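K.L.:
Take a look at the letters that make up each chain.
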Amino acid sequence: MNKFIVFLLVILLTHTSYAQNIEVCKTCPTSTIKEAITKAKDFDTITIKKGTYKEYNIIINKPITIVGENYPVIDGELKGEIITITSDNVTVDGLFIINVGTSYTEDYAAIRVRKSKNFVIQNLVLEKLFFGIYIEKSNYGKVYHNKIIGDAVEEYNSGNGIQLWYSNYIEIEHNYVEHVRDGIYLEFSDNCLIKNNVSAENLRYGLHFMFSNDDIYQDNTFENNGAGVAVMFSKKIKMLNNTFKENWGTASYGMLLKEINDAEIIGNTFQENTIGINIEGSNRITYKNNNFINNGWAVKVRGACYTNSFLENNFLYNSFDISYNSKVNDNVFDRNYWSNYTGYDLNKDGIGDVPYRPVKLFSYIVNRTPETIILLRSLFIDIIDFSEKVSPVFTPDNLLDNNPLTKKATW
Amino acid sequence: MLKILKYSFYDLMRSRWSYVYFAFYLLLGIVLLFLNNDLSKAVITLMNVIIVLVPLIGTIFGVMYYYNSKEFTELLLAQPLKRSSIFLGQYLGVALSLSMSLILGLGIPFVFYGLFKSAAIWDFSLLLITGIFLTLIFTALAFNIALSNENKIKGFGYAILLWLFLAIIYDGIFLMTLIMFEDYPLDKVSLIGTMLNPIDLSRTLILLKLDISALLGYTGAVFKQFFGTSFGLIVSFSVLVIWVLLPVWRISVKSKKKDF
Numbered sequence: 001m002n003k004f005i006v007f008l009l010v011i012l013l014t015h016t017s018y019a020q021n022i023e024v025c026k027t028c029p030t031s032t033i034k035e036a037i038t039k040a041k042d043f044d045t046i047t048i049k050k051g052t053y054k055e056y057n058i059i060i061n062k063p064i065t066i067v068g069e070n071y072p073v074i075d076g077e078l079k080g081e082i083i084t085i086t087s088d089n090v091t092v093d094g095l096f097i098i099n100v101g102t103s104y105t106e107d108y109a110a111i112r113v114r115k116s117k118n119f120v121i122q123n124l125v126l127e128k129l130f131f132g133i134y135i136e137k138s139n140y141g142k143v144y145h146n147k148i149i150g151d152a153v154e155e156y157n158s159g160n161g162i163q164l165w166y167s168n169y170i171e172i173e174h175n176y177v178e179h180v181r182d183g184i185y186l187e188f189s190d191n192c193l194i195k196n197n198v199s200a201e202n203l204r205y206g207l208h209f210m211f212s213n214d215d216i217y218q219d220n221t222f223e224n225n226g227a228g229v230a231v232m233f234s235k236k237i238k239m240l241n242n243t244f245k246e247n248w249g250t251a252s253y254g255m256l257l258k259e260i261n262d263a264e265i266i267g268n269t270f271q272e273n274t275i276g277i278n279i280e281g282s283n284r285i286t287y288k289n290n291n292f293i294n295n296g297w298a299v300k301v302r303g304a305c306y307t308n309s310f311l312e313n314n315f316l317y318n319s320f321d322i323s324y325n326s327k328v329n330d331n332v333f334d335r336n337y338w339s340n341y342t343g344y345d346l347n348k349d350g351i352g353d354v355p356y357r358p359v360k361l362f363s364y365i366v367n368r369t370p371e372t373i374i375l376l377r378s379l380f381i382d383i384i385d386f387s388e389k390v391s392p393v394f395t396p397d398n399l400l401d402n403n404p405l406t407k408k409a410t411w
Numbered sequence: 001m002l003k004i005l006k007y008s009f010y011d012l013m014r015s016r017w018s019y020v021y022f023a024f025y026l027l028l029g030i031v032l033l034f035l036n037n038d039l040s041k042a043v044i045t046l047m048n049v050i051i052v053l054v055p056l057i058g059t060i061f062g063v064m065y066y067y068n069s070k071e072f073t074e075l076l077l078a079q080p081l082k083r084s085s086i087f088l089g090q091y092l093g094v095a096l097s098l099s100m101s102l103i104l105g106l107g108i109p110f111v112f113y114g115l116f117k118s119a120a121i122w123d124f125s126l127l128l129i130t131g132i133f134l135t136l137i138f139t140a141l142a143f144n145i146a147l148s149n150e151n152k153i154k155g156f157g158y159a160i161l162l163w164l165f166l167a168i169i170y171d172g173i174f175l176m177t178l179i180m181f182e183d184y185p186l187d188k189v190s191l192i193g194t195m196l197n198p199i200d201l202s203r204t205l206i207l208l209k210l211d212i213s214a215l216l217g218y219t220g221a222v223f224k225q226f227f228g229t230s231f232g233l234i235v236s237f238s239v240l241v242i243w244v245l246l247p248v249w250r251i252s253v254k255s256k257k258k259d260f
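Protein chains in written order, with the UniProt record's numbering: chain A, 1 to 411; chain B, 1 to 260.
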């Protein structure tokens, strides 16, 4: 029996070692990538040497590994899609792909994965692209260490950096995306992990979720995007330790939540955004241990938001901490640190003895008449804010942090 | 004029009130920086102080100095001196000594705090510059009031009323107007309204640095151009200069015609 196993092993090992390596270079017998793919058998490796390859519509239809040595350039000459993966178990590694064609009828991508499993896309550099990495109806893939640099100017004729469509269990890590329409876009994609990415200077959103559930995104940085990060119509998303920075503009948010239920937002930093988080129709969300620093509005609650809880966050030097547009409040604020808090702590247990009212009358006024923003920090405004604090008339009177911290929350 | 400036300046340097003023800022600076150790909060508090207190001190001091040195002024008037240079000299003496108290009082603790290495240096310089502008403007306004009113009590009353109006009441009226006409496009009106009040104007200048992210939240092309580019900064500074020049010009005109 043992012998049989050894025999089997030997057969297996020798079989796998038959997997061949095909080299592609200008002077090699195989000088184009398409040719190499036709020649390759299943589980072969294709090594592409340094050089420029003017090819497009490369279709990878067998389980092979494509590795570039010293970043060979694949130039699509703006003619269309460059690489399409249609087989399972494909690895693409170390390529420099440029000049993807732009079309108004088809979403040309630098690299597209279609209906396949277990793919790995790593160490790619994509430039002058329409769509970058487009993953459709594919599962269990990995997208690591890619650098996507677009040159998008207008929303209507530009594509997304990394796009997932009906794809589950995808891991997206350590990518850098800039100057495209949406940095990372998920549509109908569940159970994905988005980690350690940087998405900056994109025209629309740094990260965009639509109808995608049970995803986690953590340790990402979203900076200076047209409208920040949008999470819409999704359930049970975990947003952990991300940084949202400098999203400035009239419709810009650090994070935009619309129709989000049962999410967790923990350990994030929102810094210098026009609106830190904009919440609309979102329920049962836990906001914990987040830092809101120097935002115009730290949290703007638009309506239909119930049973959310804000626990142990730091609200530091925001022009407005919380803004509400109704008098009804069903959300809990507890044990947060508010830099505008002026109460005292006589028994020195680190919790202020006077409750804090995060919604100011002025934020209500600015909601009604936006031009009044010009009176921000005026003495008169301070006086009317104070009188509203003493006897709330326009703002929800049960909106209180009963246990405001006297020192910054640490975790 | 320079000689009179020098006398006024030295006179004020010997006065107790300059020292109190200086000591107040010194204390404020030290408390804010060293007992608070949170620079952003310190800058915000300083802004509130500068916006409210500097104009108040400027008006009171200006009026007080004018009435107190009236006899000396009459003595000077008997000499072959140009009237405008007497009053402008006195005005500059008051304004400069107040500005100096402000700069030194706030500057010293900040220098010790290691300001030159910190990123807040621009916020801080902007605060000081607006503070100096406010001193210049409100001292000039105070001299105007004092020149127009022989009665000391009346002069003081008007000066305090002026401060109260510009610091608080103006904003109240401004806010009511904006709310009342909220159905109309108001961005130009609100910007012009700000220009008409030096306190609002300096507040806006500081907001440009501190709360730019909130200011950019408003949808409006005029606002966007004003706050989003250096246009706002340039316009605000030029209007501040006009605010200094107009009352100073009126001092020289008024002093020429006045009977003593």
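Since the hints were made in silico from the structure, they are not lab data. As the structure is a prediction and not an experimental result, all values here were calculated from the model. Warning: the hint list may mix true and false statements.
Unchecked claim - Lysine-lysine pairs mimicking BS3-like chemistry, simulated, CA-CA at most 27 Å apart:
1. Lys137(A) <-> Lys147(A)
2. Lys389(A) <-> Lys41(B)
3. Lys117(B) <-> Lys408(A)
4. Lys348(A) <-> Lys117(B)
5. Lys41(B) <-> Lys408(A)
6. Lys209(B) <-> Lys408(A)
7. Lys256(B) <-> Lys407(A)
K.L.:
What are the numbers of the hints that this structure violates, sorted from low to high?
P.N.:
4 and 7
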